[in-house]
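A.B. asks: Protein chains in written order, with my numbering: chain A, 1 to 89; chain B, 1 to 89; chain C, 1 to 89; chain D, 1 to 89.
Derived by calculation from the structure, the hints in this document are not laboratory data.
Note that the coordinates shown come from a computational prediction; the quantities given were computed from them, not determined experimentally.
All C-beta atoms, glycine included, are put in the ideal place defined by N, C-alpha and C.
Mixed in with the good hints there might be a few duds.
With a straight-line cut-off of 16 Å between C-alpha atoms, the simulated EDC-like cross-links for lysine to aspartate or glutamate are [what the hints assert, rightly or not]: (1) A:Lys88 to A:Glu25; (2) D:Lys88 to A:Asp2; (3) D:Lys46 to C:Glu25; (4) A:Lys11 to C:Glu25; (5) B:Lys46 to A:Asp2.
Which residues of chain B face chain D? A partial, calculated answer using Cβ under 7 Å [claimed, not checked]: (6) Gln36; (7) Ile37; (8) Ile64; (9) Leu76.
Number of protein chains: 4
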Amino acid sequence: MDNENTLRRLKTVEGHLRGVIRMVEEDTYCIDVIRQIQAIDAALNKVSTQILENHLNSCVITAIQGTDKKERQRVLKEITEVFEMSNKV
Amino acid sequence: MDNENTLRRLKTVEGHLRGVIRMVEEDTYCIDVIRQIQAIDAALNKVSTQILENHLNSCVITAIQGTDKKERQRVLKEITEVFEMSNKV
Amino acid sequence: MDNENTLRRLKTVEGHLRGVIRMVEEDTYCIDVIRQIQAIDAALNKVSTQILENHLNSCVITAIQGTDKKERQRVLKEITEVFEMSNKV
Amino acid sequence: MDNENTLRRLKTVEGHLRGVIRMVEEDTYCIDVIRQIQAIDAALNKVSTQILENHLNSCVITAIQGTDKKERQRVLKEITEVFEMSNKV
């Protein structure tokens, strides 16, 4: 099941984030903290990509093959929106 | 025609980029140059989003409603790939 | 103390991330999960910026005003590196 | 002189961008156009990083070693700002 994989990755990110919190508590060198936050960012991007892939291969196929044109438009618009946002964060 | 809109935006970006080249030639303050480059980045992201939107509403619909399963997989994989890359640039 | 502010933000992000994990466990709609992950990304970027600001106003000033040229080069190189990476994640 | 290097890179990007404009004029496959735009983004990020590096090793050192505290604050604030923006574009 794909959710399992997503969950496992998110829990790894959670552990990573807790490590960063400890680093700040222990006054670790700023640049090292920033680098770890950037690593978390990269890991989250991978999770998003994986979720999008699952979404395309399930909901999107169903919506596009379906007869409800509005639903089709909605689903495609959402993909455009998350793509646009991904360029910004 | 949608290409017209994309072309117009890209030509605006081209003018913007030429302006940045002039700024560097005239030894403009570094930070101002960086800010203009970031503005170009943002404009290019908008162009990409617009192209993706057109693509979803044409090729992707056709591929997903078509009978060629491999083609469908290919088209969806491409979207995942440009999404993943958009998180990196 | 600035660490307090950074810590508070990071703990907020941790709570947000735990919320996303719950969303995945409860099979929330994919796009909504992606949007929340993008919100976490944006929050982490703010934390990084804040940490960098503190760093510039402490370690970087000390290093540049100091007499150790190698240390100065090291500190400036690190800033270039995290800037470069920030364009990628 | 470092400007030469920056200029050369920017002119390469200009050529690349003109190529993308031609691709759109010739109705090239959308995804290929998006990939080329993402490559331009990545090239621009490298130019920005190079400009920042020069800036840190000239203006920033001068400002921080100088006696004008306001100027020092201004220069450091600018770096924070372009870093923050780099996370968004």
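A.B. asks: It remains to establish, for every hint, whether it holds in the given structure.
C.D. replies: Consistency of the hints with the structure:
Restraint check for Lys88 of chain A and Glu25 of chain A: not satisfied, since their Cα atoms lie roughly 29 Å apart, outside the 16 Å limit. Annotation: proposed proximity of Lys88 of chain D to Asp2 of chain A is violated, straight-line Cα distance about 30 Å (limit 16 Å). With a C-alpha separation of about 40 Å, the suggested pair Lys46 of chain D and Glu25 of chain C falls outside the 16 Å cut-off, and the hint is violated. A distance of roughly 11 Å separates the Cα atoms of Lys11 of chain A and Glu25 of chain C; the hinted pair therefore holds under the 16 Å criterion.
Proximity of Lys46 of chain B to Asp2 of chain A is assessed by CA-CA distance (about 31 Å); at most 16 Å being required, the pair is judged violated. Interface restraint check: Gln36 of chain B against chain D, minimum CB-CB distance 10 Å, threshold 7 Å, status violated. About 5 Å separates the beta-carbon of Ile37 of chain B from the nearest beta-carbon of chain D, less than 7 Å, and the hint is met. Using the Cβ-Cβ criterion of 7 Å, the hint placing Ile64 of chain B at the interface with chain D is not satisfied: the shortest such distance is roughly 15 Å.
Below 7 Å, beta-carbon pairs count as interface contacts, and Leu76 of chain B has none with chain D, the closest being about 11 Å; its hint is therefore violated.
Hint violations for this structure: numbers 1, 2, 3, 5, 6, 8, 9, all remaining hints satisfied.
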